[in-house]
Every structure is written in C-alpha cells, then in structure tokens.
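Taking the hints into account, I'd like the entire structure generated from these sequences.
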Amino acid sequence: MHTPKPASPIRAGITRGATQWALEMALLAAVLLTAVAGWTITSLHQHYATVIELAKLSDLSANVMHLDETLTSSARIAALSNDPEWGIRHDAAAKEFAPAWAQLRDEVVRNDLGIRTDKADQADRETTRMERQALTLALDGRTAAATALLSTARYHEMKVTFGDLTSVINQVVRERIEAGRERTRRRNAILIGACLLLLPLLVISWAYALIALHSYTAARDRAEKSLLESDERFSAASRATNDVMWDWDLKDNTIWFNEALQTHFGYSSWGTVTISRWVDAIHPEDVTGVLDNVLAMFESDGQAWSREYRFLRGDGKSYAHVLDRGFLMRDAGGKATRMVGAMLDLTETKRAEAELRAMNVQLEQLGRKNELILNAAADGIVGLDLEGRASFINRAAAEMLGVTMDDLRGERFHDRIHHTRANGEVHPFEECPAMRALRHGEMTRGSSGLFWRRDRTSFDVELSTTPMRNEAGELVGAVMTFHDTTERLEVQRMKDEFVSIVSHELRTPLTSIRGALGLLAGGLIASSPEKGQRMLDIAVSNTDRLVRLINDILDIERIDSGKVVLKKSLCDAATLLQDSIDVMRPIADKAGVRIELGRVESATINADADRVIQTLTNLISNAVKFSPSGSAVTVSAIHERDGVVFRVKDRGRGIPADKLETVFDRFQQVDASDSREKGGSGLGLTICRSIVREHGGEMHVDSVFGEGSEFSFSIPAALVEASARPNGAAPRIIVCDDDPNLREVLETMLQGFGYEVITAGGGDELIRLLQSFAPDVILLDLFMPAGGGWETLSRLKNNPETAEIPVVILSGIKADEMDAPFDLAGWVTKPLDEGTLIATLEQALGVAGRQPRIMIVEDDFDLAHVITESFARHGIETCHASTGREAIALAREITPDLLILDLALPELDGFGVVEWLREQEQLCNVPMVVYSATDPSPSDRQRLTLGPTQFLTKSRVPPHEFERRVVDLLDTMTRTQKESANVA
Amino acid sequence: MSPKRILIIDDEDDIREVAAITLEIGGFEVLTASTGRKGIERAAADHPDAILLDVMMPELDGPATFAMLRQFEATRDIPVIFLTAKVQPADRRSLGSLGAHAIMAKPFDPNSLARDINAALGW
Chain A
1 MHTPKPASPI
11 RAGITRGATQ
21 WALEMALLAA
31 VLLTAVAGWT
41 ITSLHQHYAT
51 VIELAKLSDL
61 SANVMHLDET
71 LTSSARIAAL
81 SNDPEWGIRH
91 DAAAKEFAPA
101 WAQLRDEVVR
111 NDLGIRTDKA
121 DQADRETTRM
131 ERQALTLALD
141 GRTAAATALL
151 STARYHEMKV
161 TFGDLTSVIN
171 QVVRERIEAG
181 RERTRRRNAI
191 LIGACLLLLP
201 LLVISWAYAL
211 IALHSYTAAR
221 DRAEKSLLES
231 DERFSAASRA
241 TNDVMWDWDL
251 KDNTIWFNEA
261 LQTHFGYSSW
271 GTVTISRWVD
281 AIHPEDVTGV
291 LDNVLAMFES
301 DGQAWSREYR
311 FLRGDGKSYA
321 HVLDRGFLMR
331 DAGGKATRMV
341 GAMLDLTETK
351 RAEAELRAMN
361 VQLEQLGRKN
371 ELILNAAADG
381 IVGLDLEGRA
391 SFINRAAAEM
401 LGVTMDDLRG
411 ERFHDRIHHT
421 RANGEVHPFE
431 ECPAMRALRH
441 GEMTRGSSGL
451 FWRRDRTSFD
461 VELSTTPMRN
471 EAGELVGAVM
481 TFHDTTERLE
491 VQRMKDEFVS
501 IVSHELRTPL
511 TSIRGALGLL
521 AGGLIASSPE
531 KGQRMLDIAV
541 SNTDRLVRLI
551 NDILDIERID
561 SGKVVLKKSL
571 CDAATLLQDS
581 IDVMRPIADK
591 AGVRIELGRV
601 ESATINADAD
611 RVIQTLTNLI
621 SNAVKFSPSG
631 SAVTVSAIHE
641 RDGVVFRVKD
651 RGRGIPADKL
661 ETVFDRFQQV
671 DASDSREKGG
681 SGLGLTICRS
691 IVREHGGEMH
701 VDSVFGEGSE
711 FSFSIPAALV
721 EASARPNGAA
731 PRIIVCDDDP
741 NLREVLETML
751 QGFGYEVITA
761 GGGDELIRLL
771 QSFAPDVILL
781 DLFMPAGGGW
791 ETLSRLKNNP
801 ETAEIPVVIL
811 SGIKADEMDA
821 PFDLAGWVTK
831 PLDEGTLIAT
841 LEQALGVAGR
851 QPRIMIVEDD
861 FDLAHVITES
871 FARHGIETCH
881 ASTGREAIAL
891 AREITPDLLI
901 LDLALPELDG
911 FGVVEWLREQ
921 EQLCNVPMVV
931 YSATDPSPSD
941 RQRLTLGPTQ
951 FLTKSRVPPH
961 EFERRVVDLL
971 DTMTRTQKES
981 ANVA
Chain B
1 MSPKRILIID
11 DEDDIREVAA
21 ITLEIGGFEV
31 LTASTGRKGI
41 ERAAADHPDA
51 ILLDVMMPEL
61 DGPATFAMLR
71 QFEATRDIPV
81 IFLTAKVQPA
91 DRRSLGSLGA
101 HAIMAKPFDP
111 NSLARDINAA
121 LGW
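In order, the protein sequences belong to chains A and B. So the first sequence is numbered by this note's numbering: it starts at 1 and just counts up by one. So the second sequence is numbered by this note's numbering: it starts at 1 and just counts up by one.
Calculated from the structure, these hints are not laboratory results. Cβ coordinates follow ideal geometry from the N, Cα and C atoms, glycine included. Be careful, since some hints might not be right.
Only some residues are given here: those of chain B computed to face chain A with a beta carbon under 7 Å [stated by the list, open to error]:
#1 18
#2 47
#3 77
#4 86
The following block contains the structure:
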C-alpha cells in the first residue's frame, strides 16, 4: 500500500527560512565587525598620517634653520672677503630659503601649532635687507662697513629672533609628536585588544555567513531544481497526456490552457485567454448547464467540481465529449479566486460505450427476438443438454405440457414427459429420438409419440429432434420440436370418416342407378316392360336423391366457408314463420299432421329471408315426418333478449339422449333407414345449423325420447331502434320515379323508417320541388320516359345550388354496368330490397355530413352508458353492442364512423369482431379505438388494427381523457373527410 | 341341379330390388332382408347357399351381422360376400380381416355380378 510522503514543499519552505535567517544574522555580524575593524584601521592611519606630517614639519624647520645659517655665514664671508663668489652663493641660498620659509610658515598655520610667525617674518625681512646691504657694500669694497653692518646688535638680535622661532617650532613639533605617540600607544592597545577580540568573531561570522550562504544557495538551487523538475514533469506530463489542463484566474477572468489544447484538441495556440473563449467552446446545448453548475459551486462552499459536456474542437465544427474536473481555491474570506483543473476527452470512451451499448442492445434484441421467435412458434421447442435435461422450453411447449422451466429442472425430459407409451408400456430412453440425437448425433423427423402433461393426461405429438453441435463439431445437446397432433389426428379421423360417409352416401344412390341402368342397357329385362319401367323409376328417383345430396353437401361447404353471401334484408319474423307454414301445409296435410301456431311476436330481424324459410321448412318437414298421423306440430316465434327465437315442436318419438349431441352433425340421422324412407339426405339439420350460425344465431334441440322433440334457433334482432336517427329532424327525401305504384310503396316504406318523404313523378317536377323543399337526399329512378333520369341528374349536378344534394339512383341495372359520369351517393337495383335501400340511403346521408356515429362494443353496461352519455354531450350519436355477435349484427345494419371496442367480450371477443370486420369491404377501414383493460401486445395490436386504430388502456386513460381523445380523433376524421370531399 | 339360393341383406330398398332382379336373371334364387337382424333370421331359417351382405346399415351393420352369422351353428358355414360402398383401401383391409369369402364394390355391374359371385364361390 502506498502511503503519501509529507508534502515536500512545506519542508523545503522551513529549510529555506532557517537558512535565510542564519545567513542574515551572519551577514549582519560580519558587516558590523568589519565596520568596527575598518574604523579602527582608519583611525590608526589618520594618526600616523598626522605624525608623518609633523615629522615633515620638523624636517622643514631644520632645513629653514640650515638655510638661514648658510645665508648668515655666506653673507659674513662675502662681507669679509669681498669675494663675489660668496655673494653668488648667498643669492642662491636666499632663493632657496624664501620658498622654504614660506612653506614652513604655511605649514605652521595649517597644522595649527599655535605659533606666531609674524615676528620671525619681520626679522627675516630685516636681516635679508641688512645682508643685501652688507653684500652691496662688500662689492663696493667697503668691507669694513659691510662687516660692521653684520656685526650690529640689531642684526644679531634679528638673527636670534628668527632662530628662536625655529627652535619653538621644533619644540612644539616634538611635543606634538610625543603626545601623538602617547595617544597612539594607548589607542594601539585598545585597537589590538579589539582586534584580538573581533577577529575570531569576524572569522566565525564570516564562516557562518559563508556556510549559510552556501546552504541558502544550495537550498535555492534545490528549490529551483525541484521547481524546474516539477515544471519539467508538469510540462512532460501535460504533453504526455491528452488531458487539457487549465488554470482559471477568477480575479481577471482569464484561463490558461496547456499545450494539449493544441496537440489534442487541434487549437492553433494555447496559453492564457479570456474565459469567454472557454465558454464559447462549450456546446450551445450544454453551456447553460455547465455555467450554472460552476457558478452554483462558487456560491456554495464546494471545492471539487466535475462535469461532462461537449467541448468544441479546434476545427470549430466537431465537439469532443469531455469530463472536466476542477479544484477551486478560495481566499481567506471564502471567495473563489482560482480554479485549476483538467479536461479529459471522453469522446472515444463514449463512442466505445455507445457502441458497446448498441451492441448489447442489439444482442439483447437479438436474444429477445430469438426468444420471441421461439415463443411465437406454435410448435413446442425444447432445448436438451447432453444428459437429456431440458435447458430451455418455449411458451408453446410450456403450455402444451402444462409445465414451467422450473418444473423440468434436474430431471431428464424423457423421464418426465415421454416415459410411457399409449399402450401403457414403459418407453425406454434408449428408444427415444432424443437419445439418438444426443448419443449418436442423429436427426429424426416427424416421429410420432405420446407426451405426458403434468396432470398425468397425455397427448399425441409429432416430434423432431436435431442434434446441436458447437463450433468444434462436438455434440452439446439437442433441440426437440413437437406439436400436438391430437387435434390433427381427430381432424384426420373426421375427414376420413366424412369421406367414407360421403363416399357411401354417394355410392348408395349410384348403386341403384348403375344397377337399374345396367340391367336396361344389358337388355336383360327387355322381355319385361314393367320391370324396365320400374328400373327407370329407380334410376330417376335415385338420381334426384343424388342431386339433392350433392346440392346439400355443397351448400354446407359454401355456408361454412363463408362463401354463401346471405342476402340480408330487414324482415319480420312473424311473416317468415307464416310463409314457411304456408309452404309446408300441403305436406303436413298429406301426412295428417296439423301445424299449430304458438306464440308469434312481430319483430324485425336482419336476415336472408329465403334461408330462414329454408331452415323453418326443414324443421317443420322433419317434425311432420316424425309426427304420428293426427298429432300436431307447434311453431312459435318469440322476441327474446338476444333476438327472435323460432321453435318447432313435434310429438314424434324423440331423440335418444346419446344422439342429441350429434343430431346436427352430417349424416347423423337418428335412424338412417327412417330418414331414407322420409327422403332426407342426412344433411338437413347440418345445413339449418350452418344457416343459423351464419346469421349470428344458435340452434338447439330439446327432446325427451318417446315424447317428442323441440328444435329452436335464434336470429339476432336487427336493432333498428339503435340505427334510427335519434336527435330530432327526420331526414328529408324526394323520391322521383315515374311509376306511381312504386312511388307509393317507397313513400310508405320510407315513412316507416322515419323519413320525411315527398314524391315526384318526373325530372321536371323534381326540379320544381327543389325550389321549395330542400331534401337531405334524392332517390332518382334512372329510366323515366319524360325528362329521363340521366338528364335530370345532369341538371341537378350542374346547378351549384343542387349539386351537393346526394343522389341515390334507383335502377333496373347494376351500378357496375354503367359508367356513371357524376358523383353518386348510392345505387340501388330493382327489384327493391328494403334493407339495401335503407342502408344505401343512410350511407348517402352520412356522406352529406351528418353527425358522426360511434359504435360502442362494450360488455360493461355501466361503462357503455357513461361513454354514450359523454358523447351525447358532443352531439355524437352512438349505438351499443354488448357482445361480439351483437357487434357484428349491428355493424351489418349501420356503418359506424368510429368503433370503440373492448377486447374481452362474451360470445365472440374483440379479436373475432375485428377479424370479421376486416373481411367486410365497407367496414375494413373504419377507424377504431381499442379501449381495453389490458395493454395489447404488438402482435395483438397488429391483429387488431382496422382503419386508423388507437389503443387506449382503461387503467391508464380515464373516461374523461378517453372522451377527449376520441372527440379529437373524430374531429380529425371529419376534417380529413371534408378536405378529401373538397378535393374530389 | 336346383338353382343356388342367395340372401341379399341391404337396407336400401332400391338396391335390394335391383340386385334381386340382377341375380334372378343370373339364374339364382333370391331371398332378401332389409336389416341385419332380419337377414340373420332369414339365413337361419332358409339356409341360403350364400349371403350378399351390405356393410353400412343402421343398428346392426355388416360386420356385426357377419359376426353373428358366424356364431350360429345354422349359419356358420354359409359363405358371405360383402357388397359395400366403402371402397377405400383401409375399409377393404378391415373388412378383409373379418374372413368373408369376398368383397364386392358398389355400384356393381348387373351384367357381371352373377358371374363374379360364381367365380368367388367356385361355383
């Protein structure tokens, strides 16, 4: 573990401080001592200089005295001898004497000896004059006079005076020198003592000063070196790293960047810049956040700052993703003064991270996709390890086997699921295809087997196993796929049985025909015309039977596969029942069976009248056939909750309980021989049930064996009430037809449906009527003698005032045979079908901009009520179906503008409703809002999409929000509709 | 030699009639029955030389009738020919396993039915 050393700059600071103090003290001592020594030496020097000066004065005085004696003697000799030579000598001496004397005199004054020289000066001048006189006398030969002159007392006195002066000088100088010597001796003693004392100190202090200086220098060098090194390290580090280091001076708001700004981020220079350069380089989207963050830290007491943001590169275009970290320094008052930090370029890291993330997401997606694929598979898929234990099972497998992955852990899949054969024998693992895959790497396809569920029930499977190998080709396990063949086998069995039955049923009449005709053709019965005739009768009746059978078989197939389009119209249940009775009455009469009417209620159903009559006659016919002569068959039609229920009750021998289940199945007569006698194909009830189911109803049978049977079936009510226009104004229609009978029929019919009807006998009358009556729709006969339909239509459409009125054409020919030049709202073919006409008119009125109509499919009556109420407030018309079947029946009646669909519905769920709607040309593009309790999965959403479809979850979208969304959707819809209408 | 007597058991009236005429013309004496039960009774009572037995019949079908015929002493040895509309291989196999003398298909050719029966029974 690394322990940090004490911070070296602190120690360096201490060392440097001590050294400096010692150095300063030492230098001070040395300088003081040096000054004292210097002063001492200077004063000595001064003293000696004085002494020398005095000595010079003494010498000068001696010289002057000597020169004075020379003058005296030379003057005497010259005076005595009269020799001119001496006169010259005297003059020379006099010349020398004058400056010497002047110098001495000046020196005396200068040295301030306190001696007056004026007397001596006067004496000198007098003697000099006397000598000059003596010499002149001598030169004139007057020696005696000259000598006498020089022998005078005055001269003498003067000479003594002068001589005295020099003696005084000498004496004073001597005294002075003596005094100086004495002083010097004393001072020398002091000085020598002082020097003896000071010198060691001086030496010591200098030595210490030198040492201190040296150590100071060394410390400074070290510091400098360390600074240099640290600087070098910093510089090297800052060069070696890609980090941009920075130093933000908050006082003058400048920021220094290191070289990395240039080398790494591609800036043209580095160094100190204003802080705005940094701010400008922050990505516009990040800058506010970064600055707020920094400033917030300045305000708080934080110190360490870090932030990720995008920093502009030197190219001025691209941004680097950086992690910037700074350390804030504050002054004593806590005010931020400086921040130093480093900016780390994370771009690569981020990119790598993003790539990794993307890859992970991809992998995850792939994994999920694989799982989804595996789970979406209808086949069971089981991954097996080398031991044969399940390592994975998909959803289908889990559902089929009724197990979870956890249930299967630890045990061999075979021992758990595939252990016993259908005959109860143990199925050894050695014979399992999985074993062959795992041990020998063999692939098996489509072998059949028996799998056991958790609840100990079993089912037939077809299974395939594929060995799995790793990249090295070693076996690592196997994948077993399987599917439940129970149903398929059952279907196969039923198919076989059906083919067998059909084969038999077809061959039976054929056998008679073939036999009869064969006998005739072979001429074997030529001799017997009666027999021949009999054979022909057999052939004919069996041919009829065959044709009936084939028709019935085809009928069932077409109805069941939805290929039969029911020609539905609004019809009255009671009328249909009466029509059926009318058809059957002759047969019943023949059989001696009465047909009695039970309760019969009038109710409108939307049904294919022919098919309903076919069903009713079939049931009545059966009832009559099995009724003993003299008994009665009772029929009724009662309006019940779901619609109209028709009942046909006989007092025949009834159906044994065990046959009740299968009585509607194909060729499942209770007693075949009976039915043959009665001439049925064995398919009648099957066809009846198919017809009823196709109408959205159900068929039932109740029977007590020996007492009679009651067949009943329901046809959903048409819900005409729901489709009627609820709010106020009846739609106004003009019926234009030249046939007065038809006009009358139409008028009555349309009034019955709540229309306000006006009729016109021709085009001219129609145009005239339009001036006073504004219809919502016009029903126009195309072929009229006067002012034919086309002409009238063209007049209507070319007049802007009437061009917008929707026109429905009434014609004897089909729309697709005509090439309509005008925009028509509908086309109804004669002979008229009430249901089609009303539906077409309704649709035409819809195009004309009626209020949108919403169909609510919701089994929760309370919720449906709430929704209905909320849309009523918007003036939106709604109709309601509470089951899937009702929804289909209702959608057949009216084409809703919008469908609100719940998914969990009785009878037929939302998926079934959508499936049906998708197949309807008029309904497959209806906008829809799926308002369900649970969130549908994406695949469910795909299955549920009709027109523009929205998915709202009840728990997440409360009713008021739901209302708003739906109204918005309707608004958008009607807007688009209007726009597209305008474009058109 | 008296003509051979054949019992036709079939629930279809027309087929019975056509077959009867065919076989009479072919030189057989023909007995008929419209159900399996009646057929067994007739066979026990009249001892036909052979039985032409339909397969698909209500209540007692062909195989059940055959099994009963084989049970009774009186009818055990009467050769039985199935005359059936079930002509699929699986049906033929299951019928064949029952031990009848022959299986003949519907529709039959009246001009060769008698000949085929003779051939099948070695007459």
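The hints, checked one at a time:
| no. | hint | result |
| --- | --- | --- |
| 1 | 18 | 3 Å, holds |
| 2 | 47 | 26 Å, violated |
| 3 | 77 | 28 Å, violated |
| 4 | 86 | 6 Å, holds |
The structure fails to meet hints 2, 3 from the earlier list, while all remaining hints are met.
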